Every structure is written in structure tokens, then in C-alpha cells.
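Residue numbers (the working numbering), protein chains in the order written: chain A, 1 to 470; chain B, 1 to 470.
Derived from the structure by calculation, the hints contain no laboratory data.
The model shown is predicted, which means the values in this text are computed figures rather than measured ones.
Careful: at least some of the hints might be erroneous.
One copy or two, it doesn't matter: identical chains are merged, so the pair holds either way.
Said to hold, decoys possible - Here are the simulated lysine-lysine pairs, DSSO-like style, with alpha carbons at most 30 Å apart:
1) K140 <-> K428
2) K302 <-> K252
3) K302 <-> K417
4) K302 <-> K228
5) K228 <-> K101
6) K252 <-> K228
7) K417 <-> K145
8) K252 <-> K140
9) K302 <-> K37
10) K101 <-> K145
11) K76 <-> K15
12) K15 <-> K37
13) K428 <-> K46
14) K46 <-> K302
15) K302 <-> K15
16) K145 <-> K37
17) K417 <-> K37
18) K140 <-> K417
19) K140 <-> K302
Given next are the chains, with one letter for each unit.
Protein chains: 2
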Amino acid sequence: MNNNSKTNSLSGFYKLNRADRLERLRHFCGLDDSSIKLLSSDSPLKFELSNLFVENAIGQFSLPLGLVTNVHLNSKEYCVPFAVEESSVIAASSNAAKWIKASGGFSGMVAGNEMIGQIQLLDLVAGSMEDVRQIILNEKTRLLKIANDVHPRLTQRGGGARDIVFRPFPNAATPFAVVHVHIDTCEAMGANLVNTVCEELAPHIQALTGARIGLKILSNYATERLFKVQCKVDPKLLAERGQDNGAEVAAKICEATDFANSDPHRAATHNKGVMNGVDPVLIATGNDWRANEAGIHAYACKQGSYGSLSAWQMDEDGWLIGEIEAPMQIGTVGGITRLHPMAQKSLDILGRPSSNELAQIALSTGLASNLAALRALVTTGIQAGHMKLHAKNLALSAGALGHHIEEVASEMVRNNKVSQTEAERLVKTLNCSCLSAENGEDLPSTETPKPHSAQKNIANDGDDGHIQSQ
Amino acid sequence: MNNNSKTNSLSGFYKLNRADRLERLRHFCGLDDSSIKLLSSDSPLKFELSNLFVENAIGQFSLPLGLVTNVHLNSKEYCVPFAVEESSVIAASSNAAKWIKASGGFSGMVAGNEMIGQIQLLDLVAGSMEDVRQIILNEKTRLLKIANDVHPRLTQRGGGARDIVFRPFPNAATPFAVVHVHIDTCEAMGANLVNTVCEELAPHIQALTGARIGLKILSNYATERLFKVQCKVDPKLLAERGQDNGAEVAAKICEATDFANSDPHRAATHNKGVMNGVDPVLIATGNDWRANEAGIHAYACKQGSYGSLSAWQMDEDGWLIGEIEAPMQIGTVGGITRLHPMAQKSLDILGRPSSNELAQIALSTGLASNLAALRALVTTGIQAGHMKLHAKNLALSAGALGHHIEEVASEMVRNNKVSQTEAERLVKTLNCSCLSAENGEDLPSTETPKPHSAQKNIANDGDDGHIQSQ
């Protein structure tokens, strides 16, 4: 299992071929042979399972699965599985995580542990709101008992319904009220559990208040299930090669937070950079990314205008301090987390974290992804690194294979002419053994293209690793 | 290719086995043999490609790929590939799309067609903002020419930079301004393209204004790339079996919109239901869901508080009118869209839509998903249908196989005791040939479990199809 003595055993991971990567991972995470076999498979999800998970299944859509390294959170070392389609996200996050690790790592905490269920009460006269509130609050103990009787095992596990809150909306077009029930769902994301409790409570609340019951369902704006992750960064690690001591870079990163907090047009992009480091962990562990995207973005406008999810500021020593607080709805059991074989392997790779731990891991990689993007933006710009990767994709798309991919890409970057047209022209000029890329399935299957050589810069070298695409 | 004469050829799709589903699809979409072969494969993404797409690749994470049927948009019939892990989303969306199709279908339009690039100007004195604005606007033509010279091919294709806008932030902690450049990126999502233009324009703007340049990058809050989709629904189709004429159901769906617009705790969940129908299309076509989630949720709080993405109201005839307007950043070329073999197949299945068409398709399925969820919530509740699917997952997780999955699930639902404990107890009682589900890879591989029998109700029967999980 993960421990600090193995901290460095994934260094240079990007240079390895697949088999060697998996071998390193086996030692790092203590995986067994069957796990390695599954991870090595190019068909890890049987159609039978797809067909059970969803309706009208015809097959599967595979996202690349890669590893973000160097994630040091609460004195524990993780390598974090990322299921994502976008180039440079994994390299950039690994790189920023390395700066943070070298500066002391992430520290995370649980600021709230409960899902919210909503039961809507309609046909209330605005004036009676206070009476209804009293009725509900007087019966709180009984209502909580009813809620807990729905899932006796949950209480045994230390979870259960914790609180009942009354929220009046007297000024709505048609006045209504909402009863919130707060439930600690333990290791489950809790959607089914919370929904069942809401439906169970509804007739009791109706009987108590005489209200007509409207919707009864969980809220994905999980403001009672809050997590906070912080980190600090030695500015020297952020310095551009041969330039200052990093103080200017750090100051500009703080300035970028102000920009995001002043302008929703910037905030959305800023936060997209955060979510680049959150969603891939959710998907890789079988969690529901739509639920978390909704809750997290709603939280970004809790102040009344849409702002930054993260905050970057300087401490008195000139170190960069990063912080993110967000609602997370994550499970390590239930849904497809338990049923999808690769979700299980992702949890193995992470050392079988609790749901609270997993939420903090995802916010840590979110913060790392955000930092990498900001550093790129305030130094050489986002395109310097990204164009190299983009050029490779264009080369591949134009039909280049094997070492020609690198050749065509480098030529385009050197000439500052990175386009599909140019890639096609170069492929023709090279007269290489290319395939038409018109049909995706004709893409490389016989030759193995080299991995992005840009990775050397990104994943392992703090000086050049400022690639990120937001 | 898709046309109306084949409108019904996917009816009963859910009943078919995989081979028959693919055969139907071949005829519906005009797919060739190699496409069917790829779709039939359980390893459609070669490791070599994963390794090119992302860094530190070790393998792939597969999401189930299913089809949402009955999507009738702008007089064209689509079946829509959904890459998603959550049960009932595909069935529910198909079902709601069917009500909408029977009521005349979706109508969609492009309300804006341009991405936004941002160039930040710092170290401006608040008083000089107006001068700087004048300088920028006086040079607009020249700046647009510089922008268009970056991508001459884009202009040839009918795209290009269209406008320059100056946005002052005199009241920020440190006053700054932002120059927006609006670019029609045609079939590309446009991130690389817009970023390159911003970086190219920056030194010119610096020279003109003397400002210090801050960030220069696209905005994912794509308020100039807006799409609108509308539909109407005959309320009779929404009626509960043997109950009213659907007028009450329709009225309650409108009431649910008011709830979402009054309470962010409801709005996040409401919008999550929309995104359940949007993201799966983005993933299946190789598009960036984080970019769209960020832009769409930011748009949900454009009024200053986080509200509903969709609006449901009644017209004078008592029909339910649904509408959604949102920014979409979608490409049909570039990124992995062109390189991922399954993304290519998804575009084939959709009949090779333009990016504008694809944006409207995704918003249509988003609206359908939203409607299905709301109808369930205002009638029998979200759990009635969902519990059946949940029970099957629990049965599978407890080790049930083949027909035992259905037996165990039905027993739990009948007794209103749906839990992991109960599933395990029943599996033991049945003494069925079960496997330990502790390790995901031990899940069914030899026996083929039946598809959800609940699908009959969901996907093909308007009366019972109120399953949706939000």
C-alpha cells in the first residue's frame, strides 16, 4: 500500500512503456496479478456489464486512463487515476503536484459530511410560514427517527439523518417552503438513500402541516458536504528558467485569482481548469461527474456572482498559498463504483480511500491542475506547450505514423505554422507510409507511435512543466 | 442516412440483443461493415492512441455507450450516442424524446456563433479606461485583420474574427480591463485557435495602450456561442395511467421550474438532470465536457443567482412548452473528435452533423432528460422506477448472475426492502451459483444477464416511462 518510503518509486514514470509502468504501479500500490492483467487489457468492460449499467447499450466509449503522480495529501502519497481525453492535463497536474509536494504537500479537511434531501411544501399561505416552521421543528426528533428507520444499517455504520431545517420562500411567485433533511451517507454518494428518505418523510410532513407536497429529492448543491484543501508553494519552484526567484510569477498567479473573482468570463475558464483535475478522478472511480459539476459550479456563485473556486494569495514569507473549498458528492460503494472492474482498480491504485479521503484527493488534483494552468498563463502562455501536443495530434490526424508524428510536429512548431493543412503538406512531402485518417479506425494499429516527447518537459521537470490547457 | 421514412426503424430497440441492435443501426444510419465491426469490438481504443492522447497512460476507462432514440429535431430524426455510467438516463431521455416527437419534435436555432478570447490589460489608471477603450476601438479593423491573418484558412471557410469589445473593470481591487475578441471557429471547438489569436494580438495591444498584458486565453463562458432549443408537449402524453388528462402533471412541471428559479439547492439538481442528457453526447463525440459544464452552469447564474437552465410553461391550449438556451462549445473536428475511432462512429451515427447541429442535438437530449426527471418527480417520485434498476445493481453486486439478478431484484422491490444486506441475504437463500463480487473482475463474464426488464416500461411505453435519476 501507499507509504512514504515508496514516495519516489514513480519518478520517471512517463519514460516507461506500458508494461514497465504497470510493473512500477504493482509495487507502488501492492496490486496483484489479476489486477495487472485487467489493467493490461484493452477490453476491460464486458458488453454484458455495459448492458446492465445502461439501456439501449451497443458498446463502450473508452477514455484514456493515465496516472497523476506526486500527489502528497495529509502526509500520504498517492498516484491518482485520471480518465480524461484532453492532452496535457495529466502531465501538468503531475508537475504542479510535484511543486506542492516539494513545498510540504496538500492538507485537506472535511468541513461537512452530510447530503441534503429536499421536500417541497406547497399551497402554504405566506403568513402561515412561521406556524409551519414551528410544527416541523417541534417534530424534529420524530421525523429524524422516521428517516433513520428507513436505513437502519446506515445508523449502525455511524451515518444517518442528523438535522431537519425549514426554509420558507414567501416571496416566490407562488409561496412555498422546503424541508431539508441532512444525512450522513457514509461511504455512499447517497442519491438513492436520500431520495428514499425524502419520499418516506413526505406523507408524515403532509399530515403534520396540511401542505401539498411538491418535489422530494436530494439536492446536488451539497453545501453540507464540504471539503477544503490547501497547499503552499515555494515560489522558487515557479520561477522561469534563468529568470527571477519566482516572486513575480507567484504575484501574477494571485492577480489571476482577482481577475476570476471580478469577471465571470474569466471565472468559468479558471474553474474549468480546476475541474480538469476533478472530473477525471470521478470518472475513473465510477462517480457521477454531473452531480459534482452542478454542485461545485453552483457553489462558485454562492456570493451572488459567478467567481473563482480557488483562492491564491501570498503569505508573509512570499510563499504562494492555495485553497479550494467545494461540495463533493462521492461514493466508494454503490452505483457502478462497485460494479465497474476498472473503478475497482482505480480504488486499489488509490489505496482504498474512504469517500471523504477521495473527495480531498480529487480537490487536490483540481488545485494542482488549476495551478499548472495559471503558471503557464502568467509566464509563456498556454500555447507554448500546448501547441507541441496539438501539433502531434494534427500530424497523427494527417496520417503520420511512428517517428513521423514527432518529425511533422516538430517541423510545424519550429516554423510556427501549426495547422491541419501544414500537417497534411508535410506528411505528403515526407512521403511517409501514411494512412488516410478519414476513418478513425484506420489510425495506428501496427506501429506504436512514441509517447509525447513533450512529456519529458512536463512530467518530470519543474522548470519547463508549465503546459496546461484550460 | 437519417431520414423520416426510417423514423420508426429503431422502435423496440431495447428488446434486441447487441448484434440485432447494431444491424438496425446499420440500416438506420447507413453504416458500413467496418463501422459495425468497430462498434462490435470490446476494445475499440488501442493503447497506442490512449498513449498519444494523454500522458502517463496505463490503459483505458470504458463508459457504456448506448443510444437515445426518438430525437426529432428541426424535422430530422436522430438516434443519439450516449456515453454514460448512470442507469435510467438513456431510457428516460428516449422516452421523453418520444413524447416530444409525438407532439411535433424539437426546434433549435443558433443564437450566436462565436467563441470569446480574452486579453487582460493591467496597470491602467482607472481614469484612463475611456482613453484606452477609444484606442482599442479606433484600431478595431487593424486588430481584426491581425487576428484573421493567424488562421487564413479559417476565413476561407467562412469563419474568422468578427468583433473586438473593450470591458473595463475600474472597481476591481487593482483596476484592469479586458479586450474580448469574438471568433467564429466554424467546425472546431476552437480553444487552440482562440488562444493563438489572443497570444498574437497581445503585443499589438500592449504597443497601442502601454498596458501590461495579463492573461490571454479563451473564455469558457461562451456567451457569444449560444443555442436555443424549444419543444412542446401534448399533456395527454404526460398523464398517469388511468388518471387525469395530463393537465395537472403539466402544471406541476411548470411549478418545478419556479422552484428551481427560487432556490439554488433545487436548481443545481434540476440542471444536473439537464446535463445528464448533454454530457453523454459530448463524451461520445470526443468533446470537452468540463468546458461546457463550466460555461453552462455560469450561464445558469447570469441573473445574479443560480437558477434553472430550462423553462417550462403552458401555452393557451394547455400544452407544455419547454425551452433551453445555453452556450455550447462543440467541435466536429480537432481534439480527439477526429482521432478517437468511437467519436468518429458517434458522428456517423448522428449523420455527420455540423458543430452547430450537434450543439442543438445535445441541448435537445438535455431538455428531454430534464422533462423525464420532472415528470417522475411530480408523479410517482424518482425512486419508483429507479429502485428497480438500483435493486438489479445490488443483486449483481451481491453476486447474483443471469436470471437470478432479476429474481433477487424483484423480490426486494416487492417487499420494499432494497438494500445490499437484503440482496446478499436473498442471494444466499437462493443458493445460486454466485461469485464473490468483492473483486470487480469476477463479475459476470460467462453468463449473459438479461437487460433491465424495466426497460420495457421506460423506453417504449409512454405511460410508465417516468424513470429518471437526477
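Run through the hints listed earlier and report the numbers of any the structure violates, in increasing order.
The structure conflicts with hints 1, 3, 9, 10, 14, 15, 16, 17, although it agrees with all the remaining ones.
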